[in-house]
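Protein chains: 2
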Amino acid sequence: MELLPPQQLAFQRMLDTIRRGFERFGFLPVETPAFELSDVLLTKSGGETEKQVYFVQSSGAIKEGKAPELALRFDLTVPLARYVAQHEHQLNFPFKRYQIQRVYRGERNQKGRYREFYQCDIDVIGKDTLPLAYDAECPAIIHGIFTELAFGAFTIKINNRKLLRGLLQSFGVADDKQAAVLHEVDRLGKMPREEIIARLGGADVGMEATAASRLMDVLDAPGDPLERLGSLREMNDVFQSGLDELRRVREGAIALGIPPAQLVIDLSIVRGLDYYTGTVYETFLDDVPSLGSICSGGRYDNLAGHYTKSKLPGVGISIGITRLLSHLLESPAFASVTTTHAIVLNVDAQLSTEYAKIATELRTAGLNVEVFVGDQKLGKQFQFADKSKIPLAIVMGGNEHNAGQVKIKDLRTSMDAAQKETSVARDALVGEVKRLLGEPRSP
Amino acid sequence: MELLPPQQLAFQRMLDTIRRGFERFGFLPVETPAFELSDVLLTKSGGETEKQVYFVQSSGAIKEGKAPELALRFDLTVPLARYVAQHEHQLNFPFKRYQIQRVYRGERNQKGRYREFYQCDIDVIGKDTLPLAYDAECPAIIHGIFTELAFGAFTIKINNRKLLRGLLQSFGVADDKQAAVLHEVDRLGKMPREEIIARLGGADVGMEATAASRLMDVLDAPGDPLERLGSLREMNDVFQSGLDELRRVREGAIALGIPPAQLVIDLSIVRGLDYYTGTVYETFLDDVPSLGSICSGGRYDNLAGHYTKSKLPGVGISIGITRLLSHLLESPAFASVTTTHAIVLNVDAQLSTEYAKIATELRTAGLNVEVFVGDQKLGKQFQFADKSKIPLAIVMGGNEHNAGQVKIKDLRTSMDAAQKETSVARDALVGEVKRLLGEPRSP
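Protein sequence lines, in the order shown, are assigned to chains R and Y.
Residues 1 to 443 in this note's numbering are what the first sequence spells out, letter by letter.
Residues 1 to 443 in this note's numbering are what the second sequence spells out, letter by letter.
Bear in mind the hints are in silico, worked out from the structure with no lab data behind them.
Built from N, CA and C at the ideal position, the CB exists for glycine as well.
One or more of the hints may lead you astray.
[Claimed, not checked] FRET-style restraints, in silico, Cβ to Cβ: (1) R:379 <-> Y:204: 51 to 59 Å; (2) R:330 <-> Y:404: 43 to 51 Å; (3) R:66 <-> Y:37: 46 to 54 Å; (4) Y:326 <-> R:148: 32 to 40 Å; (5) R:412 <-> Y:431: 44 to 52 Å; (6) Y:421 <-> R:189: 50 to 58 Å; (7) Y:17 <-> R:412: 25 to 33 Å; (8) R:175 <-> Y:435: 54 to 62 Å.
When you get a sec, could you build the whole thing from the sequences and use the hints?
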């Protein structure tokens with residue numbers, strides 16, 4: 001993935017908005033090195049992970065045929081675990097960190113799959129315990145960010161793994177069959193219900209048809225799921241505790257400002273099979289369901305068991321910024337992404353010092369300004385400005401200069417239409433440029 | 001190099017300021033992948049570069065014993081050359097790009113030398129030609145950035161390689177001895193003049209003692225170097241052209257707002273021996289000369305001769321942000337770096353919904369706010385806030401709530417001194433917090 005400058009700019013603006021959203025809730029930035037010790041990276045993984053890892057070696061080490069000591073990170077979770085374990089005594093718990101960095105996976109290049117791509121994670125890590133209120137904070141952060149990004153309507157779906165586990169237990173599903181059942185539950189909404197029930201009765205899972213059907217009734221029925229689940233009788237403690245958590249997380253998130261309609265309890269949300277232990281999240285753009293979940297995560301019991309004896313429970317969420325970028329680049333908002341507010345054209349080379357002064361005045365006022373210094377004809381200069389999507393051109397020839405005037409051309413109007421041109425007094429230029437730009441981004 | 005969150009935050013604020021400074025002059029962001037094809041990276045290098053390069057391989061490729069196809073970039077110049085050559089027809093020339101990314105060098109770890117560190121480059125690339133005015137823009141950008149960074153007084157030194165080359169030619173220095181002479185010239189100000197003259201007369205260089213002494217008179221004398229150089233008789237065209245460029249670059253930079261005292265012509269500035277062909281720059285913090293040049297660069301004739309037939313002259317400058325970070329972390333400014341403006345304390349768990357509302361109001365007003373949700377005693381909560389360097393704590397117990405009041409504690413005053421406490425009406429909270437913070441960073 002390599003972007004042209006306007007795309008890179010749009011991507012960067014998106015990342016800035018996300019970062020601001022994280023900081024608004026008190027999260028702090030962390031960056032870790034691109035490579036970790038191979039032993040650290042591969043601690044908890046099987047051979048599948050190793051196949052995806054890129055190892056890093058100097059030419060000297062390759063010649064000596066040594067086993068590679070270093071490897072490129074394949075996610076941001078393992079480096080976070082190592083970071084928290086290593087710096088445990090210098091961190092302030094609950095530790096709220098965000099990390100936006102590239103990760104590397106040694107797969108063959110495919111469409112939509114990159115060897116190098118960004119991940120964008122937040123996590124709150126507690127020491128020994130972590131209050132449930134943080135589970136409510138995650139969707140509130142996401143709500144703030146996606147509202148500001150203005151990619152259109154979106155819905156945050158939440159569920160609770162404890163509730164699912166308790167529910168399956170009470171349906172008599174053995175622990176070693178739970179993963180298989182959840183795998184089928186995950187298909188709800190993507191596959192007809194009868195088909196799922198049939199699969200639940202298949203050899204892999206082996207649920208009785210009536211139990212499978214009743215399970216579907218509980219998971220997938222109209223009406224408020226909390227009410228439906230609350231009315232179930234003789235459920236075990238795990239279920240009750242999960243239900244209570246789900247209720248409190250929803251209440252907490254609404255107290256933090258999420259409109260209830262945008263926070264939907266969806267009992268088919270499962271996420272990764274063994275990592276998450278409580279609350280789980282997924283997020284969808286209402287008008288682009290094909291993107292899949294653009295923001296997912298959940299609660300886990302212990303972050304860094306491989307690296308420290310401390311118990312470090314956490315809750316986190318990850319924004320799929322590569323997916324979002326592909327969406328952003330297709331949206332009309334992308335066409336207007338620009339960083340340079342104005343260009344001062346070179347009408348008369350004798351006035352170059354005056355052009356430099358104009359640019360300096362505008363920059364001092366917080367605007368981003370280009371000065372055209374080549375000796376190309378004015379038509380070529382306008383072409384350059386247009387190709388760069390710069391909204392305003394400042395035009396001052398000898399006549400204007402003698403009259404203490406400057407012309408401003410608005411290049412946002414089409415080239416065919418008569419371009420809007422304003423003539424202003426030289427000392428009113430900065431104010432007029434700001435007025436024309438409307439409210440420019442704060443610098 | 002791995003930073004704790006407050007350090008990372010300070011570093012990030014520094015990078016944001018630098019980025020803003022680049023965009024103010026119309027530069028656009030570029031990011032390239034961490035790895036390039038090994039063949040591309042090693043095109044123009046000898047064995048020395050290869051020794052420093054980190055190669056990247058999947059475990060499968062290592063087993064097969066293949067030569068590594070990919071390697072991590074060791075600077076941002078080679079990737080820029082490849083990028084411009086590859087995307088030449090989609091770029092708008094003159095192409096102004098900035099790039100702030102990590103680079104990788106397979107050296108043994110030493111103090112101050114990292115295997116992975118940031119580089120921060122800007123370059124303007126022309127097609128066929130590039131006006132000299134861009135040589136004047138580079139120091140103006142640097143001046144804007146370092147003024148905003150407020151690291152103290154600084155001086156930008158400029159020189160011109162053409163001028164040096166013409167000067168040495170007119171002193172009868174053979175082309176193959178120029179590098180050796182320039183190497184000695186570079187010692188001016190770091191070594192007594194007599195010693196340099198002696199070295200110029202040594203076997204390596206072999207200049208006559210009188211010529212060496214006259215050369216020192218020209219390069220290193222009090223007074224305006226432009227005047228001194230202008231008064232020299234019978235100089236060749238290369239010299240005259242370099243002198244003219246140096247004069248015009250200084251004038252142009254001053255027109256762009258650099259105070260003349262901060263832009264010093266220093267004829268001992270040489271920079272890399274074969275890369276730069278015209279203007280060269282170095283920048284020093286006046287009070288921390290031991291940091292060395294924190295910002296260097298210059299003009300070159302052709303960026304990407306290895307990758308395209310187009311002639312792409314350029315001028316660029318690179319900020320030494322790793323050096324600056326070490327300086328930043330020692331400065332008093334670092335202690336006050338914070339991103340979270342206020343924390344809402346958990347005085348009474350019954351009021352948690354009210355605390356969430358307060359936080360949401362403050363966040364909506366653009367402030368970064370933490371809510372303490374654990375059930376620790378108030379003393380512990382203040383400790384957390386203090387350790388996190390959060391300036392203000394919002395305290396509301398049942399009594400305050402009933403009276404429609406909130407207390408704000410200013411934690412910036414010392415813990416020993418009586419902490420400043422303000423009581424305000426609940427609906428005046430946001431305004432009062434903003435007032436206490438003075439002018440908060442724009443969000």
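Inset, instruction - Can you let me know if the beta-carbon spacing of residue 412 of chain R and residue 431 of chain Y is within 44 to 52 Å? - result: Check failed, 37 Å falls outside 44 to 52 Å.
Inset, instruction - Confirm or reject the claim that residue 175 of chain R and residue 435 of chain Y have a C-beta distance inside 54 to 62 Å. - result: 58 Å, holds
Inset, instruction - Check the following: the C-beta atoms of residue 421 of chain Y and residue 189 of chain R are separated by a distance inside 50 to 58 Å. - result: About 53 Å separates the Cβ atoms of residue 421 of chain Y and residue 189 of chain R, which means 50 to 58 Å holds.
Inset, instruction - Return holds or violated for the Cβ distance of residue 17 of chain Y and residue 412 of chain R against the range 25 to 33 Å. - result: 29 Å, holds
Legend entry - Distance restraint hint 32 to 40 Å, applied to the beta-carbon atoms of residue 326 of chain Y and residue 148 of chain R: 35 Å, holds
Inset, instruction - May I ask you to test the hint 43 to 51 Å on the CB atoms belonging to residue 330 of chain R and residue 404 of chain Y? - result: Holds, at about 50 Å.
Legend entry - Distance restraint hint 51 to 59 Å, applied to the beta-carbon atoms of residue 379 of chain R and residue 204 of chain Y: Hint holds: Cβ distance 55 Å, inside 51 to 59 Å.
Inset, instruction - Note whether the CB distance of residue 66 of chain R and residue 37 of chain Y lies within 46 to 54 Å or breaks it. - result: 24 Å, violated
Violation of the numbered hints given earlier is confined to hints 3 and 5; the remaining hints are satisfied by the structure.
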